[in-house]
Amino acid sequence: MPDQLIFAMEVFLNGLMAGVLYALVALGFVLIYKASGIFNYAQGVMALFAAMTLVGIMNGQVPFAHLINATFGTHVYTFGWTVPAFLAIILTMGVMVLLAWAVQRFVMRHLVGQEPIILFMATIGLAYFLEGVADLMWGSEIKTLDVGLPQGINTWLDEVTFEIFGYGFFIDNLDIFASIIAALLVAALVAFSQYTKQGRAMRAVADDHQAALSVGISLNFIWIMVWSVAGFVALVAGIVWGTKSGVQFSLSLIALKALPVLMLGGFTSIPGAIVGGLIIGVGEKLFEFAVGPLVGGATENWFAYVLALIFLVFRPQGLFGEKIIERV
Amino acid sequence: MNKKLATLALSALMAAGPAMADLVFPSLSYRTGPYAAGGIPFADGYADYFTLLNERDGGIGGVPAKVIECETGYNTEKGVECYESTKGEGALVYQPLSTGITYQLIPKTTADDIPMHTMGYGRTSAKNGKVFSHTFNYPANYWDGASGAINYLLDENGGDLSGKKIALVYHNSAYGKEPIRTLEELSKKHGYELVALPVDHPGQEQKSQWLQIRRDRPDYVLMWGWGVMNQVAIQEAANIRFPMENFIGIWWSGAEHDVMPAGAAADGYKALTFHNVGSDFPLYDDLKKYVVDAGKAAGAGDQVGTVLYNRGLYAAMLAAEAAKKAQEISGKADITGADMRAGMEALEMTEEKMAELGLPNFGPAFTVTCENHGGNGMVGVTQWDADTKTWSLISDFKPTDAEVIGALIEEDSAAYAAENNIEPRCN
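Those sequence lines, one after another, are chains A and B.
Quick note, my numbering runs 3 ahead of the 1-based positions in the first sequence.
Quick note, my numbering runs 1099 ahead of the 1-based positions in the second sequence.
Everything labelled a hint here was simulated from the structure, so no lab data went into it.
Take these hints with a grain of salt, some might be off.
Stated by the list, open to error - Covered, in the sense of this in silico footprint (three residues per stretch, anywhere, with C-beta under 8 Å from a C-beta of chain A), are these stretches of chain B:
1) 1292-1299
2) 1332-1346
3) 1356-1366
Using N, Cα and C, we set each Cβ at its ideal position, and we do this for glycine too.
Work out the full structure: start from the sequences and follow the hints.
In structure tokens:
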């Protein structure tokens, strides 16, 4: 088999893995949009906030330490203990639920019935506010996140592919674990929305707020629940991306990777986010592999959007999105 | 009675003579935002050195130093706002800490007669003092960095790089592209093959670049990275099992926070530098006594001795030494920006002077002249030890290829002079 074809296969597999990582971020957007029609600009910052909170709890860091020390003249930075990863994840999830409640109580509740653009603007404000709070709460230094996820080349795949092709493929163990986590997450989300009372209520709210209210579904409760689930998805994305690069403020920019995925997969479909992620991941990696060297490289960022735009032209609602039909 | 009191007060004022204003050193810092991890230690080191001078020596030449900090968030527009809002305070020298801000401030500082020091960043050809009268980039610039890396690899390979393949992983921006021309010129001279691999901002996803490195198997990888790009690149290099000792970053890719996220896998990674690392210098004893233990350290006081803290401290030390020179030249303690510029242009840093300051072998010896605002371009190499979590200087500060770099600087600065109708000076 020609070398270039073997290399392309390796790039294809890595594109799939990268796509799963993009989809992890996109899922949070889909959940909130599906249930409330809000494009949550703050989803990337939520991933950052969740990851910073997780590391802070694991390291026994005192939240708002700089503020406390500046106010009271103390020098307290840590509690002097560390928290196991599993417990820290649960505690962080508690913080994300609190955040969901606060967003609903202090922002979204006051904007019910407003134009989508107003709600979008509110999430922009929320993003910057949350970024500032995260900075004040946990500090802006880069933090190492280790919840036990493996990293590095998968030697089994390397050896097997070497046996077959005479060239060992590189697949990162972290990407394999991220794919498993994403698959479990999607299965759990689908099961939740299909088979639980709260999930059905969520779908009812998504279909028609007024009708859902008329049958006794609490909009407040559903929205808090949706923002909490989006917070959980943000935490998962934050863990995976934070493990790769350390937890730092650039983590919020992973949202940029989710946008073409959403354009392609549709804003309302959980499977769409996954399939969209895979197409974007594979598309941008193969394009960089084949065309990148001819045009000076660094094509991935813009090519992902070109790919998404091409799909948009032919299917504006995205691959799996619901077709918008407005009757006069 | 009132008349007596008024006469007494007036006599006291006259006896005291004119009040000395502080020597103002604005600090365009970035303690917030995506790059704060790099901005905080530099700003702390910069502020702490002046605090030390005030507490231990009563300032510079008897005049207290005053650091005015302005938050830029590493944003060019905010950086320019900071400049405009602080220049009227009697600013002596600006350290913009961003290539973008530097480019905006070159004409402004020249018009306002305030010097600017862009140490290891900014516009490389500003080394040519004949064209850039108010911009200084001693002791080293990006092209020195590129040449320093190649010189180090020449040393490693018995002076011969022919047939070797060197990959450059760079931030796909003006900053990241800085070394390409120099490396291309040097490749013609030394016979190595250069493969340039751009990484788009911010650099969280670099799988394509590292897969290519794995396929192409370059002998060495150089990196011009910034922010999250550094951490991801080091992790990806570890993932593909690229030998860390063959991976060399520019000085903005060689701080503790760049290597820590990769843990033990980052062991052996190297970075270029133009100053020493760690805190094993006599000055740090004074720093501890007069600043840290006295509770007067900037920020949380937890950055002392880190790579970027040392860089901030080094920048402050060079500014203070230039201010002393300016006081000497002008014959007055209360200097202006114009005096400071003259002081910077006459700055000479020798090993003896560094040792006297409590910083022996902390940086290279260099001389600044009217023609040469970039010093001697000496570059060293540091290496990360993941076990002890420390950087060590593993080479001397060595000269770079003045022949190749000098020609490029002449070319670039001549183009700038032509564009801006600048008549070369220093005749």
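These are the hints, each one checked on the structure:
Residues of the stretch 1292-1299 of chain B lying with their CB closer than 8 Å to a CB of chain A number 5, which satisfies the three-residue condition for coverage. For the stretch 1332-1346 of chain B, the stated coverage by chain A holds: 5 residues have a C-beta nearer than 8 Å to a C-beta of that chain, and at least 3 were required. Only residues whose C-beta sits within less than 8 Å of a C-beta in chain A count toward coverage, and the stretch 1356-1366 of chain B has 5 of them, enough to reach three; the restraint holds.
Checked against the numbered hints above, the structure breaks none of them.
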